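J.: These protein sequences, in sequence, are chains X and R.
Start counting the first sequence at 1; every next residue gets the next number (the numbering used here).
Start counting the second sequence at 1001; every next residue gets the next number (the numbering used here).
What the hints contain is simulated information worked out from the structure, not anything from laboratory work.
A quick note: this is a predicted structure, and the numbers were derived from the prediction, not measured.
Where is the CB? At the ideal position from N, CA and C, for every residue including glycine.
Do not rely on the hints blindly, as some may be mistaken.
Once the Cα atoms are required to be at most 30 Å apart in a straight line, the calculated DSSO-like pairs of lysine-lysine come out as [unchecked claim]:
hint : chain 1 : residue 1 : chain 2 : residue 2
1    : X       : LYS94     : R       : LYS1204
2    : X       : LYS117    : X       : LYS140
3    : X       : LYS127    : R       : LYS1166
4    : R       : LYS1166   : X       : LYS140
5    : X       : LYS71     : R       : LYS1088
6    : R       : LYS1088   : X       : LYS94
7    : R       : LYS1088   : X       : LYS154
8    : X       : LYS117    : X       : LYS154
9    : X       : LYS94     : X       : LYS154
10   : X       : LYS154    : X       : LYS127
11   : X       : LYS216    : X       : LYS228
Reference excerpt, derived from the structure (chain X facing chain R, CB under 7 Å, subset only) [claimed, not checked]:
hint : residue
12   : GLY53
13   : ARG70
14   : ARG74
15   : LEU79
16   : PHE101
17   : GLY104
18   : TYR106
19   : ARG258
20   : ASP262
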Amino acid sequence: MAGIIEIDNLSKEYASGTRALSGVSLSIEQGEIVALLGPNGAGKTTLISIICGLVVPTGGTVRVGGHDIRKEWRAARRLIGLVPQEIALEPFEKVINCVRFTRGLYGAAPDEAYLEKVLRSLSLWDKRNAPTRELSGGMKRRVLIAKALSHSPKVLFLDEPTAGVDVALRREMWQVVEDLRQDGVTIILTTHYLEEAEEMADRIGVINHGQLLLMKPKDELMGEFGKKTLSIELDQPMDAIPSGLSGRGLSLSRDGRRIRYDYDTRAERTGIARLLGDLAAQGVTVRDVSTRQSSLEEVFMSLVQGDKAEDAA
Amino acid sequence: MNAAINWPGVWAIFHHEMMRFFRTIWQSMASPVVSTVLYFVVFGAAIGGRIQSVEGVPYGAFIVPGLMMLTVLQQSVSNASFGIYFPKFSGTIYEYLVSPVGWLEVTAGFVGAAAAKAILIALVILATSFFFVGVHILHPFWMLAFLFLSALGFSLLGFIIGLWAKSFEQLQIVPMMVITPLVFLGGAFYSASMLPPFWEGVAKLNPVLYLISGFRWSFFGLADVPVGVSLFAVSIMVVVCFAVIRWIFATGWRLRD
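Hey, can you work out the whole structure from these sequences and the hints?
T.: This is the structure in structure tokens:
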């Protein structure tokens, strides 16, 4: 079955000659949460902007719910809600009127009960009669989400939803996304915060230099590219790594109570069993061991840096 | 499916624009009404005392169509240009570009609201004028037709100015430097036939003259140029403006990348 979004060989070259996207192909299933990661200028926003109709592509096709975004743009756009990166609201307009207006623009009949549900779910109902200029930054962003949801879209685009908001608000936004996931809304978000992608997404795509470097389920990506760190807590502190264990990249904590060992989960042998055996043979008593998965940030950096290295070659 | 007009979308834009007007109804109405009263005092009473009548029409009454047209043109241009420029300025323009509304619906919403406001204010001015002079409207249907066509034509022009403008200064400059002089030189307060022959010829190059002339004809049956020519001129303006707006939306000029 075709996905709710089908992107085929999409490219965009601006009049200035800048190539923002090259041959991007992607299929997104209904109900998925997809995070697009990439450094500034990687092409994330261009990709979203093309799907939503803000930017005209130079080549390739995009279908939303089976509708070509250029030939059947009305039908395609009715399925989409966009939360832009910048907060853009009419300062003197009341929250409820902003949301009603967007619903009308999408050609949907008035439905006050639905709008109340949307505003309540975003904790905005009490502020419905407040002009948007009186709201805090987090509330304004939620108004943008309410507007994007006002016509019951099947797909929601969140362009950098938590850019410039504090930690508490970011967590609040994650909760909003989680609630939307429960409602079955397909969400595509771009972010700089890798933690965010890790927290929310089912699949993660990495874009750099206008190309989709990869698109994988989050767990698979973490497993494939992830490194793990084994931390060995010693019974007795030691001054230095025993000479018999040198050459394995071990490091000793400053207090001499922990040995750190980095290993690749993709390697055929992780070397853990051998290391523990050798420690016992050296008369080192181990009190505890723990492992830590490397963060997505490290995964991402290794991909983007690999891309840079290819450019240099 | 693409051909179907999104009427709720048109209504959403129209209603949104009208609500902004009604939020500041007193300011919106007070300014043109006060200006009109001043025009009547200065032109009607002071100058009108020296010019008894123009082609048989008392001077105070003679200037009423010109005053209405002056207001309609200024209000149409400023309402429509501000209407579309403000979303560009505040960033909310993205909504119009990503929603299922085409160029015709966006234009109909903004221009319809701008023209409606201008016509409303012109009618208030007409009502105000009844307090100062006796005005008899010879052809009410044609008066409304000219009012509607002029408001539509200049709202379309204002819409183009708003799409073109990149700053509030640019938004102001066309109405200030072009529209107002054209109205003053277009016979708002005099008949072109009162000018020397050479300047009468120059005045006839001014498109606004045709609007004011046609509009004045609907009041008094007096015209500087044939009424058919006036109707043709304003119709051409409407068609040309629609074509320009369609081109802007098709190419995305100053709207999208």
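J.: Indicate, hint by hint, whether the structure satisfies it.
T.: Going through the hints against the structure:
Restraint check for LYS94 of chain X and LYS1204 of chain R: the C-alpha separation of about 48 Å exceeds 30 Å, so the hint is violated. A distance of roughly 18 Å separates the Cα atoms of LYS117 of chain X and LYS140 of chain X; the hinted pair therefore holds under the 30 Å criterion. Pair hint LYS127 of chain X plus LYS1166 of chain R does not hold up; C-alpha atoms about 33 Å apart against a cutoff of 30 Å. The suggested pairing of LYS1166 of chain R with LYS140 of chain X holds, with an alpha-carbon distance near 25 Å, which does not exceed 30 Å.
The straight-line distance between the Cα atoms of LYS71 of chain X and LYS1088 of chain R is roughly 26 Å, inside the 30 Å bound, and the hint therefore holds. Of the pairs offered as hints, the one joining LYS1088 of chain R and LYS94 of chain X holds, with about 19 Å between alpha carbons and a cut-off of 30 Å not exceeded. For the proposed pair LYS1088 of chain R and LYS154 of chain X, the alpha carbon gap of about 27 Å is at most 30 Å, so the pair holds. A distance of roughly 17 Å separates the Cα atoms of LYS117 of chain X and LYS154 of chain X; the hinted pair therefore holds under the 30 Å criterion.
Pair hint LYS94 of chain X plus LYS154 of chain X holds up; C-alpha atoms about 26 Å apart against a cutoff of 30 Å. At most 30 Å may separate the alpha-carbon atoms for a hinted pair to count; LYS154 of chain X and LYS127 of chain X meet this at roughly 26 Å. This hinted pair checks out: LYS216 of chain X and LYS228 of chain X have alpha carbons roughly 19 Å apart, not beyond 30 Å. Of the supplied interface hints, the one on GLY53 of chain X holds, with its beta-carbon coming within about 5 Å of a beta-carbon of chain R, less than 7 Å.
Look at ARG70 of chain X: its Cβ only gets to about 10 Å from chain R, farther than 7 Å, so that hint breaks. Nearest Cβ of chain R to the Cβ of ARG74 of chain X: about 4 Å, under the 7 Å cut. The hint holds. For LEU79 of chain X, the suggested interface contact is broken, since its CB lies about 10 Å from the closest CB of chain R, more than 7 Å. The closest approach between the C-beta of PHE101 of chain X and any C-beta of chain R is roughly 5 Å, which is under the 7 Å cut-off, so the hint is satisfied.
Interface restraint check: GLY104 of chain X against chain R, minimum CB-CB distance 3 Å, threshold 7 Å, status holds. The criterion of a C-beta within 7 Å of any C-beta in chain R is met by TYR106 of chain X, whose closest approach is roughly 5 Å, and the hint holds. With a least beta-carbon distance of about 52 Å to chain R, the hint placing ARG258 of chain X at the interface is violated under the 7 Å criterion. Nearest Cβ of chain R to the Cβ of ASP262 of chain X: about 45 Å, over the 7 Å cut. The hint is violated.
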